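Novice: Given next are the chains, with one letter for each unit.
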Amino acid sequence: MKLLMAIIKPHKLDAVREALMSDGIEGLTVSEVKGFGRQKGHTEIYRGAEYTVSFVPKVKIEVVVDEGTVERALETVRAAANTGQIGDGKIFVYDVSHAVRIRTGESGPEAL
Amino acid sequence: MKLLMAIIKPHKLDAVREALMSDGIEGLTVSEVKGFGRQKGHTEIYRGAEYTVSFVPKVKIEVVVDEGTVERALETVRAAANTGQIGDGKIFVYDVSHAVRIRTGESGPEAL
Amino acid sequence: MKLLMAIIKPHKLDAVREALMSDGIEGLTVSEVKGFGRQKGHTEIYRGAEYTVSFVPKVKIEVVVDEGTVERALETVRAAANTGQIGDGKIFVYDVSHAVRIRTGESGPEAL
Amino acid sequence: MTKISAKAVLVAASALLICAHSVPAFAADGISGGDTAWIMTATALVLFMTLPGLALFYAGLVRSVNVLSVMMQCFAIAGLMSILWILFGYTLAFGEGGHLIGDFSRVLAWGMGTEAASGTIPENVFLAFQMTFAVITPALIVGAFPERMKFSSILVFSVLWLLAVYVPVCHWVWGGGWLADMGIKDFAGGLVVHATAGVSALVLASLLGSRRGFPRELRPPHNPGMTAMGAAMLWVGWFGFNGGSQLAADGGAGMAILVTHLSASTAAVVWMLIEWVRFGRPSLVGFVTGVIAGLATITPASGFVGPTGALIIGAAAGVLCFFAVGMVKNALKIDDSLDVFAVHGVGGLLGTILLSVLMSPVFDGPGYDEGVTMGDQLVTQIIGAVATVAWAAVLTFIIVKIVGALTGGIRTSEDEEIQGLDLVSHGESGYDLH
Amino acid sequence: MTKISAKAVLVAASALLICAHSVPAFAADGISGGDTAWIMTATALVLFMTLPGLALFYAGLVRSVNVLSVMMQCFAIAGLMSILWILFGYTLAFGEGGHLIGDFSRVLAWGMGTEAASGTIPENVFLAFQMTFAVITPALIVGAFPERMKFSSILVFSVLWLLAVYVPVCHWVWGGGWLADMGIKDFAGGLVVHATAGVSALVLASLLGSRRGFPRELRPPHNPGMTAMGAAMLWVGWFGFNGGSQLAADGGAGMAILVTHLSASTAAVVWMLIEWVRFGRPSLVGFVTGVIAGLATITPASGFVGPTGALIIGAAAGVLCFFAVGMVKNALKIDDSLDVFAVHGVGGLLGTILLSVLMSPVFDGPGYDEGVTMGDQLVTQIIGAVATVAWAAVLTFIIVKIVGALTGGIRTSEDEEIQGLDLVSHGESGYDLH
Amino acid sequence: MTKISAKAVLVAASALLICAHSVPAFAADGISGGDTAWIMTATALVLFMTLPGLALFYAGLVRSVNVLSVMMQCFAIAGLMSILWILFGYTLAFGEGGHLIGDFSRVLAWGMGTEAASGTIPENVFLAFQMTFAVITPALIVGAFPERMKFSSILVFSVLWLLAVYVPVCHWVWGGGWLADMGIKDFAGGLVVHATAGVSALVLASLLGSRRGFPRELRPPHNPGMTAMGAAMLWVGWFGFNGGSQLAADGGAGMAILVTHLSASTAAVVWMLIEWVRFGRPSLVGFVTGVIAGLATITPASGFVGPTGALIIGAAAGVLCFFAVGMVKNALKIDDSLDVFAVHGVGGLLGTILLSVLMSPVFDGPGYDEGVTMGDQLVTQIIGAVATVAWAAVLTFIIVKIVGALTGGIRTSEDEEIQGLDLVSHGESGYDLH
Ligand SMILES: Nc1ncnc2c1ncn2[C@@H]1O[C@H](COP(=O)(O)OP(=O)(O)O)[C@@H](O)[C@H]1O
Ligand SMILES: Nc1ncnc2c1ncn2[C@@H]1O[C@H](COP(=O)(O)OP(=O)(O)O)[C@@H](O)[C@H]1O
Ligand SMILES: Nc1ncnc2c1ncn2[C@@H]1O[C@H](COP(=O)(O)OP(=O)(O)O)[C@@H](O)[C@H]1O
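These protein sequence lines map, in sequence, to chains S, Z, B, Y, X and H.
Here the working numbering runs 43 ahead of the position in the first sequence, where the first position is 1.
Here the working numbering runs 43 ahead of the position in the second sequence, where the first position is 1.
Here the working numbering runs 43 ahead of the position in the third sequence, where the first position is 1.
Here the working numbering runs 11 ahead of the position in the fourth sequence, where the first position is 1.
Here the working numbering runs 11 ahead of the position in the fifth sequence, where the first position is 1.
Here the working numbering runs 11 ahead of the position in the sixth sequence, where the first position is 1.
Rather than coming from a laboratory, the hints here were simulated on the basis of the structure.
Remember, it's a predicted structure, so these values are computed and weren't measured experimentally.
Please note: incorrect hints may appear among the correct ones.
[To be verified] Every beta carbon over 12 Å from chain Y, so not counted as near; a handful from chain X, in silico: (1) G45; (2) D114; (3) F162; (4) L174; (5) F225; (6) L284; (7) I323; (8) A342; (9) S424.
[As the list claims (entries may be wrong)] The calculated label-pair distances, taken between Cβ atoms and stated as ranges, are: (10) X:P226 <-> H:E228: 40 to 46 Å; (11) H:G224 <-> S:E69: 45 to 51 Å; (12) Z:H85 <-> S:T147: 21 to 27 Å; (13) X:R223 <-> B:R81: 26 to 32 Å; (14) Y:F115 <-> Z:H85: 55 to 61 Å; (15) B:M64 <-> H:G224: 17 to 23 Å; (16) X:D192 <-> Y:G122: 58 to 64 Å; (17) B:H85 <-> H:E228: 23 to 29 Å; (18) H:I413 <-> B:R81: 53 to 59 Å; (19) Y:A342 <-> B:K83: 57 to 63 Å; (20) B:G67 <-> S:M64: 37 to 43 Å; (21) H:M338 <-> Y:W287: 34 to 40 Å; (22) B:G127 <-> X:I429: 57 to 63 Å.
[Unchecked claim] Among the chain H residues that face chain Y by a calculated CB cut under 7 Å, a handful are: (23) P235; (24) V247; (25) G254; (26) G263.
From the three backbone atoms N, C-alpha and C, an ideal C-beta is built for every residue, glycine too.
Model the full assembly from the supplied sequences, consistent with the hints where possible.
Specialist: Rendered as structure tokens:
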């Protein structure tokens with residue numbers, strides 16, 4: 044199994060979720076994160092003093108998929124999250140050696 | 044070393060933490076996340092308009108353990124987080140190649 | 044490629060980000076997390092009743108780097124995040140098999 | 012006899028003197044300390060309705076990235092309208108003038124000083140009390156355009172709107188204009204405040220267009236508790252709004268407060284029951300929307316009905332406004348985002364009409380002016396309502412076109428809308444809680 | 012002589028006329044504009060105590076998934092109690108009736124209009140002022156059952172409780188009932204408000220059962236700043252609660268405000284010092300709990316003591332309520348979650364008793380009624396306290412049983428409790444900050 | 012003739028009697044119900060300024076880990092100062108005494124009771140009204156030291172500061188002291204409140220040292236909406252602060268409210284425009300800072316200028332305070348964290364000076380006291396300003412040294428500062444939203 048970790052723009056979350064669902068993927072986990080990259084943060088000015096906010100709000104999606112579905116899921120996320128503008132984010136993939144469904148104890152691909 | 048990443052129900056956090064501690068595990072990291080899976084979100088109705096909230100609040104626990112303890116930790120988390128109801132969550136496991144304790148610079152299993 | 048996941052003290056975030064930037068690293072992702080370890084939480088007392096807060100606020104930095112830069116990045120983070128006091132945190136490293144830049148579709152090290 | 016009378020006069024005069032002394036200051040000039048105390052309090056209460064009341068009420072309903080922009084809009088409108096009011100607003104609304112508009116006799120309140128009276132209160136207190144109405148009315152319209160209108164356009168719109176819509180209607184009804192002459196009853200602003208704001212909100216929202224994702228993919232209110240606390244402050248402040256409109260501290264003011272409270276309570280409970288039946292659970296946002304509906308609806312009637320009338324008005328407000336909210340969204344498909352028309356417009360008009368029936372002693376009301384029947388009053392109220400709606404709609408349409416030309420379009424870009432106006436328009440973020 | 016006197020009468024009469032004119036409206040009917048202005052203001056202030064004051068105070072203390080439910084409970088109680096008050100509450104509490112209960116002469120305030128007076132204020136103002144008391148008293152009990160009681164049960168409970176507990180006790184003490192006849196002193200509701208609410212909270216909490224995890228594994232207050240801001244609003248509003256209970260704008264009202272403020276300050280500072288000594292650091296939640304303890308305790312005494320008495324009452328309140336909080340939790344093991352009994356019940360009773368001593372000129376108090384000694388007063392106060400506690404406890408027990416039968420149990424399921432009542436009972440979420 | 016006059020007297024006397032009866036209570040003793048109603052309301056409004064107003068205003072500007080500590084500081088100061096006021100503060104400030112300080116005749120307000128009058132209001136109301144000023148003034152200084160000062164040091168500082176700075180200056184200006192004798196004009200506390208607090212804040216901040224990371228690496232305000240809502244409450248409450256300082260419900264109070272509102276509006280709009288031009292977008296925090304600047308600046312002048320003067324004062328406040336904020340940070344490099352000096356100090360002094368010009372009928376002002384010219388007044392105002400600044404600066408310096416010695420240093424450790432004072436000083440956390 045593989046874990047896809049995608050860092051995307053927050054307003055693309057629903058599109059990505061729906062795209063993955065229509066691919067037959069049934070579960071994913073989302074976190075609010077802040078990113079730093081080519082897309083820069085901004086400065087806020089309060090009473091004349093500048094405050095640098097280096098980070099941009101992003102959403103991290105983690106989805107574990109079967110080996111066979113990795114390519115497709117990767118492309119699905121990429122397509123759905125793409126706006127063509129800087130800061131669209133990244134997808135990273137890595138190996139997962141075990142997966143267990145807590146409720147049933149099922150493990151491996153069945154657990155997904 | 045292995046990293047166990049468990050997505051669980053928020054109110055099970057304390058039980059899982061305590062169970063891991065009595066297993067001798069001394070550190071873990073927790074994030075607030077939102078999950079999507081068989082357990083569905085809900086709709087909220089404001090002034091007659093429906094808003095779909097697709098995600099359910101979950102907690103993600105990340106704990107890095109020595110190879111030898113993986114099985115036991117996995118079972119400990121599963122048992123403590125289990126309520127038998129949909130949405131109980133998953134545990135994923137993957138390899139960690141390095142671990143460093145920032146304070147001392149210790150690395151490998153000693154760093155945990 | 045490797046992913047460095049560092050759990051650090053929140054007030055060290057800016058120092059670590061700047062240190063990584065001067066190492067030429069151009070992107071990273073940050074999450075607010077809570078940690079449990081040797082550094083203990085605290086108790087809060089409200090109207091005479093004790094509430095145990097087991098977790099300490101931490102920041103998780105995830106940065107994916109090219110194989111060649113791992114050692115250096117690891118040392119950079121360690122040095123910048125170190126205060127010599129308990130609770131300074133950990134760095135974990137693991138393999139990333141794919142990386143894709145959503146905007147361009149570039150993959151592998153170019154995507155970083 | 013002359014001598015005797017002289018003596019009597021002297022004695023009586025000294026009686027008067029002591030009497031005057033015991034009720035200092037105002038005995039001489041007809042200004043009542045009690046009335047003045049109450050209207051100053053009411054002035055504070057009505058300002059409190061806008062800031063923080065309305066600002067919280069509206070800000071809780073938007074996305075978290077727009078919370079500050081909504082507050083800023085309320086504040087900036089408060090500041091600008093106040094300056095405008097002392098310059099031109101008050102004098103054009105309440106200066107003598109003619110049937111359509113006042114005059115320029117009171118620009119900057121020049122020479123008014125501390126002595127001029129308006130009834131039993133100082134005129135400066137009357138001016139200040141009315142100023143808070145001129146602040147909240149355009150601020151109500153903020154609910155039509157959050158999350159997507161340019162800040163500059165909002166300011167220009169509000170300035171023009173105050174002068175072209177609020178001030179004339181205010182003069183017609185309260186400043187001795189043609190509707191006043193006809194005997195219109197609008198105690199605290201069913202037409203002047205709520206109908207004008209509600210109708211203009213609808214027109215503006217339809218010209219501005221909907222928020223991205225309307226109506227299916229919007230985010231729920233980011234902070235319903237904030238909205239509820241704003242509603243609570245509006246409720247309390249409304250005691251000053253309606254009770255103050257009596258311009259005296261007497262049984263009329265007391266009754267206005269009582270019926271205001273009862274209408275709010277009833278409308279809210281009715282709204283709660285409808286939600287409970289339809290959706291299975293009653294929401295806090297629903298309850299407080301009912302509160303505001305009840306308050307807006309009783310506003311024109313609050314000096315003319317008794318407790319029984321208030322319960323009827325409240326119940327009618329709860330039902331009608333509830334369904335109006337759905338209709339604007341689903342039938343008209345207009346994104347009047349925070350339901351200004353459905354709550355304030357519909358409520359204000361409903362109360363304006365209903366009062367002609369509920370004034371009757373049959374409903375424990377105080378009855379009609381001499382020679383006026385229920386039917387007469389009803390006709391007058393309808394004429395007033397139609398005139399106000401038409402004027403507000405047409406003028407708002409024209410103003411929006413002008414503002415569009417002046418500020419190069421009134422809408423922010425899609426990118427800006429996604430990012431949220433807090434950052435885009437004001438360079439700030441609402442919450443940094445970590 | 013007759014001619015002369017005629018002339019004198021004429022002159023004097025015209026003096027009177029001018030005098031009457033200079034103090035318009037109220038000269039004729041004994042209604043004072045100043046008193047009316049103040050009691051209308053006080054009415055707004057007491058509503059402000061419940062909404063938003065108490066709602067914020069309580070909502071900040073619960074888990075974040077219950078914040079809206081607590082607010083909703085306060086709002087819904089406010090709405091329902093107000094309707095109930097105009098229908099039956101006021102007339103049963105303040106209608107003439109007998110020693111135990113009023114009558115039905117004022118249902119819907121029918122015919123009261125704007126002219127009827129109650130002392131020097133319009134009766135509608137008195138009714139409205141008292142209505143806000145009938146709102147806050149059952150709302151106080153919300154602190155006993157947050158996070159786990161069914162919304163339907165809460166509403167039915169509150170309705171029955173108002174009629175069966177609040178209204179009779181109110182009649183006994185303030186409506187000319189048997190305790191009034193005995194000469195009981197309860198200026199603003201130590202018995203009527205705080206003792207009834209506190210005792211009933213304790214009984215209800217013990218019948219309802221504890222929150223999951225009580226007492227060891229509860230979450231700390233999710234938003235202590237919200238609680239503190241609610242306390243601040245309660246503090247300010249209490250000036251209307253106690254100062255308004257004088258029913259006039261005079262030195263009695265002023266003294267009530269002064270001693271109220273001093274008691275709040277002293278109790279809070281004392282609470283802070285106790286925490287500092289015991290826990291090493293004083294908390295904000297502790298300080299504001301002290302504020303409320305000081306306010307509740309001075310309430311019955313606020314018309315009968317001077318500043319010196321206020322400092323003593325405040326200090327006593329700080330110490331006693333602090334230890335009462337611990338005792339209810341640890342000794343009684345009752346999850347009166349937000350300490351309604353320990354703060355309001357204990358405070359209200361304490362003040363009721365203490366005032367019989369502190370009224371004395373020895374403590375710069377105004378002294379006793381003619382022919383009444385300190386001992387007499389103390390006995391009367393104790394009788395009143397015992398009667399109120401017993402009545403509230405027994406009736407609450409009965410009402411809870413009835414409510415349980417009517418609503419199929421009064422408690423939510425464990426699953427619902429875990430999920431939080433915002434979503435379960437109201438379909439909403441408190442915070443969507445991202 | 013004697014008989015006749017006897018008759019006339021009788022008749023006139025009965026006229027008086029009826030007259031007295033129609034205006035009960037106060038006719039006899041010169042206390043006005045209207046004035047009393049207003050000053051009690053104003054007292055509530057000024058307390059409302061500190062709690063919750065100022066607490067929210069300041070708490071929103073700090074990091075989220077210090078939100079509770081700031082609120083706690085405001086609360087604890089409110090409690091302590093109130094106790095101090097009834098013990099020694101009032102009597103030393105307003106007791107007859109001499110040119111420099113009052114006396115001990117009113118310790119604990121012993122014997123004052125409900126009958127003593129101060130002008131047309133009960134003295135206990137005057138005492139309570141002034142107490143709220145003695146609360147807010149030291150609370151303003153909280154803005155100088157958030158996030159890094161020991162709680163114990165703060166309390167000791169505030170106690171000493173009230174007695175050594177506030178009370179004497181208050182006596183000089185309002186208590187019949189030497190500045191009053193000179194004819195100084197300070198209607199509601201430009202010198203007594205804002206200049207003393209502002210100057211002392213600057214001195215204290217410079218002795219305390221800057222926050223970690225000042226000025227480059229600070230976190231932005233954690234909750235600008237909280238700050239704005241606090242500002243809204245300050246704005247509303249300021250109607251009581253300035254309007255109440257008239258100590259009567261009349262046209263003077265009305266004018267004070269009107270000019271207060273106009274100055275706030277103008278200063279805020281001006282601040283907004285400056286930000287718009289300089290930074291490309293106007294911020295909410297900026298707008299509300301302008302509001303406070305406008306309010307502080309009009310404070311001393313609010314009884315002495317007309318609307319035209321208010322617009323000028325507001326505009327001057329907006330410009331001057333805006334640049335003062337930058338100057339303290341960048342030129343003086345003092346971390347007066349929430350700009351107490353730049354807003355209150357500069358504003359209070361500016362208004363104190365400007366009023367000597369704007370009182371003139373040329374600006375629609377009420378004119379000067381008999382025999383006083385604009386130049387005379389200006390000189391008096393400058394003398395008052397210099398004396399107040401010097402006294403506040405020197406005494407604050409001395410007090411800080413004493414406090415440092417008493418509490419073992421006044422600053423928390425670096426570790427504590429990083430962790431945040433909510434946890435360190437009070438053992439609590441501000442937000443647990445999950
Ligand atoms: N090397 C990296 N490791 C981890 N996260 C990264 C890395 N590079 C970028 N990111 C994440 O991806 C987000 C988008 O990257 P950015 O460089 O701004 O835009 P783009 O990928 O479109 O060039 C960043 O905000 C950050 O969260
Ligand atoms: N394939 C997956 N990848 C990542 N997270 C998952 C995946 N499937 C489920 N999850 C996480 O696990 C949670 C529980 O899953 P769910 O399907 O609702 O229940 P259950 O596991 O009991 O069948 C989800 O809310 C989600 O956070
Ligand atoms: N085995 C582990 N797995 C995951 N996270 C860990 C582990 N051990 C520690 N951590 C994280 O590192 C943080 C610091 O660890 P701690 O033991 O407190 O201090 P130190 O590393 O300095 O000894 C913890 O709060 C936790 O977030």
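Novice: What are the numbers of the hints that this structure violates, sorted from low to high?
Specialist: Hints 1, 3, 18, 21 and 22 are the ones this structure does not satisfy, whereas the remaining hints hold.
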